[in-house]
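J.: Take the given structure of chain A and dock chain B to it, following the hints.
Which chain is which? The protein sequence lines are A and B, in order. For what it's worth, our numbering labels the leading residue of the first sequence as 2, then goes sequentially. For what it's worth, our numbering labels the leading residue of the second sequence as 28, then goes sequentially.
Hints should not be assumed to be uniformly reliable.
Going by beta-carbon spacing under 8 Å, a handful of chain B positions derived as facing chain A [stated by the list, open to error]:
(1) E109
(2) A168
(3) G192
(4) G211
(5) F219
(6) A221
(7) K223
(8) S267
(9) V358
Hints were generated in silico from the structure; no laboratory data involved. Backbone N, C-alpha and C define an ideal beta-carbon position, used for all residues, glycine too.
Residues per chain are reported as follows:
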Amino acid sequence: MTDDMNFTLSKEGEEKIGTLLKRYPSTRAALLPALWLVQDEAGWISDEAAEYVAAKLDLPAAEVYGTLTFYTMFNRRKLGRHHIEVCTNICCWLKGSEEILTYLKAKLGINEGETTEDGKFTLSTVECLGACGEAPMMMVDLEYYGDLTHDKIDEILKSLN
Amino acid sequence: MEQILTQNFKVLNACRLNAYLGREGYKSLHKLFSQQSSQIIEEVKKSGLRGRGGAGFPTGMKWGFIPKDPGSPVYLCVNADEGEPGTFKDRALLEKDPHRLIEGIIIAAYAIGAREAFVYIRGEFYRPYKILEAAVSEAYANNFLGKNILGRGFDLDIYIHRGAGAYICGEETSLISSIEGKRGYPKIKPPFPAVKGLFGRPTIVNNVETLAALPFIISNGAAAYAAIGTEKSKGSKLISVSGHVARPGVYEIPLGLPLITFINEYAGGIRNGKRLKAVIPGGSSVPVLTSLEAKDVLLDYESLASKGTMLGSGGMIVMDESVDMVKALKVLVDFYHHESCGQCTPCREGSGWLKKIMDRIESGHGRDGDLDLLINVSDNMMGKTICVFADAMAMPVKSFVTKFRKEFEDKIN
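Just chain A, same shape as in the assembly (with noise of 0.2 Å):
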């Protein structure tokens, strides 16, 4: 983490917390939006960044953490470039999903969780994602892809440099 001493967003970042701030009664209820702000710029939220947040708004340290902590779309460690997330819910896993997952982990050479070795993919498994029409899909860094097959999961990784 030590490429994350003294965490700081860009000025324009820095402008955006400034109007979060005005935005709401309390500068608790910043927090989300704030760390959306961090996660958008850094990938993901350091302790050094929830630190920075914590200063930001004037929270203490601990406060910033139980509520980042909550949440699983806030990642507490850096991933690959690209984050694929296979639904495996029920209404995926009636059209296919554990197979779907199953062909992603062999093409990819990781299990979820894992991160390719050249950095460009981390693999994971998410919870319904509102896409059950489409099913079995997954997201691809917050791109829904649906009626997934083999073919089209090869054009999708192609696609993604």
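T.: Below, chain B alone, put in the same frame as chain A:
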């Protein structure tokens, strides 16, 4: 039936203001601002509209719980945290007709006296978030939002607040906790949000689909809306259907439509010529129906309740004869165990116990008495926690084990 919620779904660029205006968009506002807020609440009460997020509570009545002299501010929160497995109807509304939602937000805010509305949208809904954000900007630029809307003296600001991955935040008090920057812990009721909600102020939380029904009700009158549906379940409902049907997707139905008619005529029937085995009619949290029970049930609040289940969010999950019900329940139990917020002991511990028992049954290590234990643990979770999450986990467990007991027994023996 006239399409209300889905009328613009097939219109090109309906998410843009110009297209929406061309479809009589924002027409209801002139009528809205010419009436008192109390008249609007009465109109919505008369329409029979009930909350479409899952609980089905009458919307007008909920609004009526705002104290008579609330002082200011009063808040409107929009629940766009759609996360109930099998449910994807709000995403369709957000992406295909966001201005209908904004128009509904203006109506609800006017009725309850809110000048600020917070849309809480789940973090994974990035595309719908961007579409809604663009629609909100268009609405501001054309004075449908902001100060002195259409010169009628009403001010309203909409803020979009992104969630960050927690199923529980769809529960209304948890949603409030989350906007406040806290862990998404539900709060004890009473006090209800209408009295003490966001930042301690009177607050109404309404679902996206509920709000999207309001422009029609105000424009066409409560009677036109109430004419659709049954005597007690009025209006139309979005059903998002997934699983083993030929045409999964989002469909608008008049409440009271027979479930089997819906599956066969809307969703194209069971795919690959297979037979129906089970249906979860209203999102993963409601009790499952066997094919026999599904045969003569209607898609409305009362008919589904008479079969011991619920309309819920309208997230229908259809399972054909090939489905292993033990594995299906294990998938659901894993989900609920993962999503329990951990605040209340019966839910935090109970969800873990249910998972352990299901893990061993599914892996072929089930023990005698495990099925009764599943029921026993479920009974000790239901009604014993701050929010209904524990019930939402217990109901599928109890219904699966009771209705498909033989399959579970075969796995153990």
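J.: Can you list which hints this structure breaks, lowest number first?
T.: 2, 5, 6, 7
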